[in-house]
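Trainee: Dock chains B, C and D against chain A, hints included.
There are 4 protein chains.
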Amino acid sequence: MDNDINILLVSASPRRYGAVGFVEKFIIELGKEVEKININAINVYEYNIQPCLGCVSDDIKFCVLPCIIDDDMRNLYNIVLKSDGFIFVTPIYWYNVPGPLKNFIDRLTVLENAIFIEGRSKVEGKVAGFIAVGNDTGALAVIQNLMAIMNSFGITIPPWALAYHESEEDPVYNEKFVLDIANVLRCVVLMVKLLKGKIYHVEYWYRADTDYISTTMKIARRVYDMLLDEIN
Amino acid sequence: MDNDINILLVSASPRRYGAVGFVEKFIIELGKEVEKININAINVYEYNIQPCLGCVSDDIKFCVLPCIIDDDMRNLYNIVLKSDGFIFVTPIYWYNVPGPLKNFIDRLTVLENAIFIEGRSKVEGKVAGFIAVGNDTGALAVIQNLMAIMNSFGITIPPWALAYHESEEDPVYNEKFVLDIANVLRCVVLMVKLLKGKIYHVEYWYRADTDYISTTMKIARRVYDMLLDEIN
Amino acid sequence: MDNDINILLVSASPRRYGAVGFVEKFIIELGKEVEKININAINVYEYNIQPCLGCVSDDIKFCVLPCIIDDDMRNLYNIVLKSDGFIFVTPIYWYNVPGPLKNFIDRLTVLENAIFIEGRSKVEGKVAGFIAVGNDTGALAVIQNLMAIMNSFGITIPPWALAYHESEEDPVYNEKFVLDIANVLRCVVLMVKLLKGKIYHVEYWYRADTDYISTTMKIARRVYDMLLDEIN
Amino acid sequence: MDNDINILLVSASPRRYGAVGFVEKFIIELGKEVEKININAINVYEYNIQPCLGCVSDDIKFCVLPCIIDDDMRNLYNIVLKSDGFIFVTPIYWYNVPGPLKNFIDRLTVLENAIFIEGRSKVEGKVAGFIAVGNDTGALAVIQNLMAIMNSFGITIPPWALAYHESEEDPVYNEKFVLDIANVLRCVVLMVKLLKGKIYHVEYWYRADTDYISTTMKIARRVYDMLLDEIN
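Sequence order for the protein chains is A, B, C and D. Following our numbering, the numbering of the first sequence begins with 60 at its first residue and continues without gaps. Following our numbering, the numbering of the second sequence begins with 60 at its first residue and continues without gaps. Following our numbering, the numbering of the third sequence begins with 60 at its first residue and continues without gaps. Following our numbering, the numbering of the fourth sequence begins with 60 at its first residue and continues without gaps.
Looking at chain A on its own, in the form it has when it is part of the complex (with noise of 0.2 angstroms):
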């Protein structure tokens, strides 16, 4: 295990045994057994974020850490200072991600916000990827969001950085969701080795290759399997 890559992986489902849930097993197990690190993860509807309430607007200097807000964000932004990098793992919620999400992200507006302070965005130069998933159309309206919006945080977004299911259908059959996971870690993975001096080069990014996709594919499918015993 290489326990100087920190990612962070931020879900937000209210319903743990749905494809969110399995998504977020299954990344889990691939960088355990793929990318040998441990991923951290959180998933936004347990915890107490309150809304942010744009003192912002009132006076740029209002916004820095600790927020006015004494929630559990106190303690989220010591993880997500921590973190090298970030999977965002969000259902599709009416072309959009839920509210708890959302206020995840406008919570962390004041560690972007340092940089009108100390002249440095406290996330810059980390990593992002993203995951949506939903029973309908609408992931790319989410994702082409999150990447601006992470983007302007400072945020570093590798190639292929974007997975997505929008069918009822288990994420599990969708061998093209399966391996985009993979790859939305692996590339992830990758930058934050090369932001932090840990590699030089990348030879290539997307892995498709039968080796890849046979590894992939059976731990999506092991992971499916225990968490239909969990259900059962």
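FYI, nobody ran anything at the bench for these hints, they're computed from the structure. These numbers come from a predicted model, not from an experiment. Heads up, the beta-carbon is just placed ideally off N, CA and C, and yes, glycines get one too. Take the hints with a grain of salt, since some may be wrong.
[Claimed, not checked] Selected chain C positions facing chain D (in silico; Cβ < 8 angstroms):
#: 1; residue: Lys95
#: 2; residue: Leu112
#: 3; residue: Asp118
#: 4; residue: Tyr154
#: 5; residue: Lys161
#: 6; residue: Ala173
#: 7; residue: Phe175
#: 8; residue: Glu177
#: 9; residue: Asn204
#: 10; residue: Ile208
Mentor: Chains B, C and D only, in chain A's frame:
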């Protein structure tokens, strides 16, 4: 006053004295003085609106009135159902609405989902307009998303249903914005009247004649002065 | 046939035998058999439509009819002006419309810009619906953008004005899509009738009753079979 | 001059003397004086770039180099392939790019589609930044869409890869915009250097120190004065 036209102003502002607060009060005054209607206003920040739990993904039949969550939405649903039209007034938080407004929208799913239960969306045919204000860009990213969401609920979008202000300057000084706000309300009201059979024809929608500009600017300045007095 | 209702179908397809072609022919048939109207159809790929030159940025007064560019738009402007409603049928090219459709839209600026010349947009109060088809995701990113653009022209968006198909499967097999297409046309036509004073009330907008499903599916299958015959 | 860093500036402007033209010339000067690189620039309006015909929907294998269409893209593909990074500079035409830029992007599909032919996108790992200018709003709607498209091609988006100017005022007077443009170029170049193994570490990405502001503003004003001279 025409008490047969029910317009609900849905704002989302943690800072009542800011730009959203101005727009809200301005619209209420426009209602009284120009459109001769009373406007009902709610600020989603002042209610207990819990996040949607996505029950619809478990079984589409689970998402029925009253929503499984017992919070202020129980009362707000009645207000929404009684309304003929909506004006959304939102701050721009990272090219998107703030979390509390997204929670409110997600919770409206129970009204739209009636199409799968009873064969008809409970908000079908209602009318909506959209106003976004911020210190920086992003208004159109917000508004285009809201339009597609509301239209997917079965809601009508009348001509010129959008207005935006993206500047640190007080919105009262943005004459284009002031005029656009008045026209958003005007067009929402005209469409409601048309759909309710109270008028049979709209000669023109957007008004930019001298009288109209002068009347609406006068109201805007008076509202602004009142707000300044309140703050000081 | 009601010759007083002019609906213009604007499609954008380099491949007439593909999904866009199917949707186009299906809507024309729905017009005849269900709505009892003739639908005028243009495919922007079959016209010489040069890109907008942005004269409006030099001087807002430069952008007047006839546009400075002498190409097929000169004729198309007349067709647009005579139309009461539009149905846009676009393929999804990278979460957006293809270039030729964007050129067509940009060139419509001359009609909208009349608001600054004569005080009124020449397309104000017309009605539009939006249909996007592709092998992959992106429909909502496309449709939300088109909605905001058209509404900024002063165009009305009736309830349920969107339909999409994101799959390699032939669209005729997507019953939800087939029904949504029929309802996009239905709602555009109803709104045009309301705005023209031909009806005073709409009892319900979206139809999903057995008769309607059966009628529209039958037409869809017949159109599909005809297209298969043409290809073979 | 570091001749090993190839940045391609892709602009889309029918009006060379306008805001896009200023940004283009400013970036070329920043390249020479600040980044010590030569920047290659193309304006899509000056080339014959026919619309994509969507062959990929007939058979994914049909979309290969050289594209079936024999036009200026044949040459532009080589320029794109030789480039390590791209800066897109686009006007905002109705919350979107103008048609000619969309045609250029759609035609790049042949490079991305190599992933299905040879197992790898021909633009994988390249870097992109995005600049949008207009008299009115819409920049973020444009930029978020471009980011998602380019990332789906396998392209890296470095920190702070966006800049926008939404005003009728000449962009040289928007100091935030001038600084953001310089940082878009800076971050694209830093990421290219990192990916090519020319540097192993980036101390900080966004620069807002007095020296940098003063240098970049000086260049911006000189470029602006030169353009004024050319017009007069």
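Trainee: Now tell me if each hint is right for this structure.
Mentor: Tested hints:
no.	hint	verdict
1	Lys95	violated, 33 angstroms
2	Leu112	holds, 4 angstroms
3	Asp118	violated, 11 angstroms
4	Tyr154	holds, 6 angstroms
5	Lys161	holds, 4 angstroms
6	Ala173	violated, 16 angstroms
7	Phe175	violated, 12 angstroms
8	Glu177	violated, 20 angstroms
9	Asn204	holds, 6 angstroms
10	Ile208	holds, 5 angstroms
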